[in-house]
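S.K.: Those protein sequence lines, which keep their order, are chains A and B.
Start counting the first sequence at 40; every next residue gets the next number (the working numbering).
Start counting the second sequence at 1100; every next residue gets the next number (the working numbering).
A hint or two may mislead.
Only pairs whose alpha carbons sit at most 20 angstroms apart, straight line, appear in this in silico SDA-like list of lysine to any residue [as the list claims (entries may be wrong)]:
(1) A:Lys139 to B:Ser1111
(2) A:Lys48 to A:Ser112
(3) A:Lys139 to B:Tyr1131
(4) B:Lys1136 to B:Ser1148
(5) A:Lys139 to B:Asp1130
(6) A:Lys139 to B:Ser1127
(7) A:Lys139 to A:Leu84
(8) B:Lys1136 to A:Ser112
(9) B:Lys1136 to A:Gln80
(10) B:Lys1170 to B:Ile1152
(11) A:Lys139 to B:Tyr1138
These aren't lab readings, by the way, just hints derived from the structure by calculation.
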Amino acid sequence: DGGITQSPKYLFRKEGQNVTLSCEQNLNHDAMYWYRQDPGQGLRLIYYSQIVNDFQKGDIAEGYSVSREKKESFPLTVTSAQKNPTAFYLCASRGQALEKLFFGSGTQLSVL
Amino acid sequence: DQQVKQNSPSLSVQEGRISILNCDYTNSMFDYFLWYKKYPAEGPTFLISISSIKDKNEDGRFTVFLNKSAKHLSLHIVPSQPGDSAVYFCAASTGNQFYFGTGTSLTVIP
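Let the hints inform the model, and build the full structure from the sequences given.
M.R.: This is how it looks when you write it as structure tokens:
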């Protein structure tokens, strides 16, 4: 089955800790995205990548980092510099000729 | 600055009636508009889209209307079913970036 897999489903972060959210796709899509959703708010773009080894900051990149070493993988690290990390994180991908995003099932990050 | 706005946080409709969800945007460079449906703790799923060169697109019970002069689009669901109850996000894209509204929670009452 083709799709986007995010793991883990739930993640807890301790004070001062970096945590990494996984996103893997087998759709052979070039572009991948990370969004954050807070209650009552829309999806806000954190980072996106159009090709391997290249990525751009979105609207709320501070406190986050990404890498794109492989086409199918786009992990997101929430660093200790992100002071309000509790949110629902969504990974998405898009094929070259497609106008829409395909989303994973999300990761809920909470602070202990 | 929110480029895509959904001003109605919630909407309740009787089963079988029409649901109309609205969305406004500010950027005239947007060339593609989409609607996504989302359940709690799940990723959004694509519902329907429309290119900026069209003013209507229909797919079964779902129709999207685009009014470029007013920078407004709407999603019509006819007839509404209880399974349609979810949060609906409007999105707009230009190039590689997608911008989302804050969502409208639709409740279809049996």
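S.K.: The structure should be examined with respect to each hint, and the outcome stated for every one.
M.R.: Hints, verified against the model:
no.: 1; hint: A:Lys139 to B:Ser1111; verdict: violated, 28 angstroms
no.: 2; hint: A:Lys48 to A:Ser112; verdict: holds, 17 angstroms
no.: 3; hint: A:Lys139 to B:Tyr1131; verdict: holds, 9 angstroms
no.: 4; hint: B:Lys1136 to B:Ser1148; verdict: holds, 12 angstroms
no.: 5; hint: A:Lys139 to B:Asp1130; verdict: holds, 12 angstroms
no.: 6; hint: A:Lys139 to B:Ser1127; verdict: holds, 19 angstroms
no.: 7; hint: A:Lys139 to A:Leu84; verdict: holds, 15 angstroms
no.: 8; hint: B:Lys1136 to A:Ser112; verdict: violated, 25 angstroms
no.: 9; hint: B:Lys1136 to A:Gln80; verdict: holds, 15 angstroms
no.: 10; hint: B:Lys1170 to B:Ile1152; verdict: holds, 13 angstroms
no.: 11; hint: A:Lys139 to B:Tyr1138; verdict: holds, 19 angstroms
Hint violations for this structure: numbers 1, 8, all remaining hints satisfied.
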